[in-house]
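Novice: Residue-level listing of the chains:
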Amino acid sequence: MKNLKSIFAIALISIAFVSCSSDDDAPAPVNEEEIITTLTATLTTAGSTITLTSQDLDGDGPDAPVINVSSPLVSNTTYTGSLDLLNETENPAESITEEIEEEDDEHQFFFSSGLVSTTYADMDEDGNPVGLLFTVTTTDAGTGNLTITLRHEPAKSAEGVSNGDITNAGGETDISVTFPITVQ
Amino acid sequence: MKFFVTLCAICFSAVVMAQNCNSKLSGTIDDFHDGSKIIGASLYIESLDVYAVTDLNGDFKFSKLCDGNYNIKVSHIACETKILNIEVKGNTVYNITLEHHVEELELVNVKGSAIKTQTHSSQETVLKSKDLETYSSGSLGDALKQISGVNSLNTGNTIVKPVINGLHSSRIIVMTNGVRLQDQEWGIEHAPNIDINSAETISVIKGSGALAFGGDALGGVVVMSPQRVFLKDSLFGKTIATTQNNGRGFSLSSKLTKTYTEGWYVSGQGTLKKYGDFKAPNYSLTNTGLNSNGFSIHAGFKTFEQGFNVFYSYLNNEIAILRSSHIGNIEDLVNAINSQQPSIVEDFSYDINAPRQDVTHQIFKAEFYKRFKKFGRLEIQYDFQNNQRFEYDIRVGDDRDKAAIDLKLKTHSIKTALKLDSNHGNTYEIGLSANYQNNFANPNTGVRRLIPDYDKYDFGIYAITDITINDNLRLDFGVRYDFNYYDAQKFYLTSRWEERGYDVDFADLVIDDLGTQLLVNPKFKYHNISASAGTTYKINDEHSILFNYSLSNRAPNPSELFSDGLHHSAARIELGDLRIDQETSNRFALSYLFSSEKLIVNIETFYNHITDFIYIEPTGTEQTLRGAFPVWSYKQTNASLIGLDFSLDYNISKDWSFKNRSSVLRGRNLELNRPLIDMPSNKTVNSFQYSNKKWLNFNASIESELVLRQNDFPNNNFEAFIPTTNETVLVDISTPPPTYHLLHFNSDITFALNHKTNLNVGLSVQNVLNTSYRNYLNRLRYFADDLGRNIMLQLKLNY
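Chains as they are written, first to last, in the numbering used here: chain A, 12 to 195; chain B, 253 to 1051.
These are calculated hints, taken from the structure and not from any lab test. You can take every hint at face value.
Straight line, CA to CA, 20 Å or less: simulated SDA-like cross-link-like pairs of lysine to any residue: (1) Lys276/B x Lys325/B; (2) Lys289/B x Gly310/B; (3) Lys887/B x Asp829/B; (4) Lys325/B x Ile297/B; (5) Lys654/B x Glu117/A; (6) Lys935/B x Leu900/B; (7) Lys622/B x Glu351/B; (8) Lys775/B x Ala37/A; (9) Lys380/B x Gly390/B; (10) Lys660/B x Ala39/A; (11) Lys654/B x Ala39/A; (12) Lys660/B x Ala37/A; (13) Lys654/B x Pro40/A; (14) Lys945/B x Leu1005/B; (15) Lys671/B x Glu351/B; (16) Lys671/B x Phe624/B; (17) Lys662/B x Asp36/A; (18) Lys935/B x Tyr992/B; (19) Lys397/B x Thr936/B; (20) Lys289/B x Phe624/B; (21) Lys289/B x Ile335/B; (22) Lys887/B x Phe758/B; (23) Lys660/B x Pro40/A; (24) Lys662/B x Ala37/A; (25) Lys775/B x Ala39/A; (26) Lys484/B x Ala551/B; (27) Lys654/B x Glu110/A; (28) Lys667/B x Phe624/B; (29) Lys887/B x Pro73/A; (30) Lys671/B x Asp286/B; (31) Lys671/B x Ile719/B; (32) Lys325/B x Asp307/B; (33) Lys935/B x Arg918/B; (34) Lys654/B x His163/A; (35) Lys334/B x Lys622/B; (36) Lys775/B x Asp36/A; (37) Lys660/B x Asp36/A.
Not the full set, but computed from the structure, chain A residues with beta-carbon under 8 Å of chain B: (38) Ile47; (39) Thr48; (40) Leu50.
In this text, a Cβ means the ideal position worked out from N, Cα and C, and glycines have one as well.
Model the full assembly from the supplied sequences, consistent with the hints where possible.
Specialist: Have a look at this one:
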């Protein structure tokens, strides 16, 4: 009989558990911190500025990034380029560029294009390129693509990587954007 | 002095002589369950060495007894022997009840074994402790694979989910010590949080026929039972230590049980495992180690008439996931598939780095039962489970060490069952269960929740009956009703809410609009009916057949309803669907069993027709700033699964035996008229065993495992633009890996250290030929080969 009593006691406690543990508080929203919503590449040469923007405000949501190239490039010209990255889901928008500058040895941008050539114009503390600053040189007129890729934790010392060849870079892709460009 | 003692003895005997020695002891013996008279039971008074036997009316009589207390041993061929202390004073009448069902319980046993099965007419296989001990260092999923028709769905080699006849996750119920495991089993990379060493026997019941456990087990039920308690004063235990070269790890498990004649018992068990990086034949699988520790305590009081027990178990698993399987976007996936090599191979290490899982599961249970004379057995049980899951992803900056997934699932359950066994040979059981479950997804991860916060309420009621028509024919029937209710609070990206068309169909669920996100409050109810009917017919001593039909309904799980977003560890966007409704299975099973002294053959066939089968398949790609990702969506279709599981055990001679386990399965998507995704391949396992009792109980076996390429697969390949190469390529995520064949070797000897203690030493080699292979049902098959050769040494001490 003693057993029966203890079982009832446990049953009662359990009922108490059940009735106490529900909470009706609304959950807190999560605003992703690591998300990069916007990549802007600014190309400048004497007297003119061209911006290439890719903006994806819903992050991993269903909407595709909106890609915009402000104007065609001019043939046989060298542009000074810089990249700016933002998380615009926060208000005010958070600069991801600063984060990359702080951890520049763990990041590298890669540029690939069949139409224009690019070179790095910055380096990290180890003397390896980062790519937040770069140059673009155009030759003949035509149409094509410029793809900008950001790799996190790439093997910067692997063969060809410091020259901008992504083949052996490894790491994970944080950004991969293809801009359609025209050289006139 | 001597004289004094003698004098005393004389005086004492004189007193005894003076006692009344003309007393009679008489009475009736009847059955505990139905009150019927027990004929031919023997009663034995040890101190006097006299016997009595019950007559046709169940009556017995001792005469010419002296008054006093006697220990009387009451026994009957079909009953448990009972020792009673009876006081005789004058003519004494004492009626005795005996438990007359022991024989009946044994009847249902698999021939030649002392193991109780859970069901009568289901396709059920029981693994005994010897079958399980070999897998002491592995996982539940590994151990179950020795049953034909059971496969596993792996994420690497330490996250192993059982697949029964092609179905897994929420379609399989895992019962441990009477508790239905609630451990976020919906996830493909969520292995059951269970220590295989905590079970003494495991029953695998194919299909949903075992309604007492639940109505939604379309795949089957895995019942893990602890050691049965015997009522005698005893202290026993066992320790298993295993070490292996692949993973350079060890596993240590120990169990100790103390029992008392009066019915008290206590048992404790603990397991510790540690592994570093495992190895494929050609490279190290960087970041694949495991740290696992767990213990359980089980104590209670047990007699035939009543008893209770309390149980607590704790298990923590820290599991590293192959570093190379963490990928960014489709381009990385294409690179991985094309290179056929893991992208990151480092030197051996015990470190467990991201990506990794850290899961802790705790169970508390209290159970009480009582038997009522001429009626039946009532039991009531409460259990509480707490499942804490952390998943760590490769992250940057301040979030580097922060979990990407932090889910806490708490479940309270109460259940009660009443089993009526007073009607000889027939039993009736009714039961009730109620659950309350709360899931909390911690927002501090900084990652949008894949699974939302929710409360879930379940209520179930069932009735089952088991009827014995005659010695050869049994029937059983069961029916069950379940009610499930979800009350979830979930954030959707506004863009996703609209893309899915929820703004039209579920506009009334929105309770808050945060601009880019919406907070919604789905409240969904599901009513489920399940039923089963089965029969076993014994044609003669050697042949028997079994037929079973079961109907079951399963409500969608949280993952199928609410998944929404990028699953970082899988590099895919997974989308649930709020419109998903229950799936309904109609399963027909037919088995034939041949059993003779030399040969046992079991052929199990089934046809499972599932209406509104819920499954996940690739449905396209979505572009983000990080590149394109494959989208996997939960969908419903009508499906059919048809299969045959074959097992054969043949004793060639006294020393040699042969074993075969084979299974064939075909799953069809009936609406799209094509194969179902992720169906296990056909396979056959053959082994020869040599045993010699004279050589220290020596056993050696060689096993051949042939897994055929899965040729029935849906083609979900798609084309994707790869920006860095400026090319559009085919992403081959569908093609299964080729056929493979593995050889395994096992051997063991046993030393008797003393009459109570045995030491068993086992040496085994898995994948003897170090064959490179990949399995279709391993989620990491895109990234690396499976395990290479593994040499394992096991010491088993029974005391």
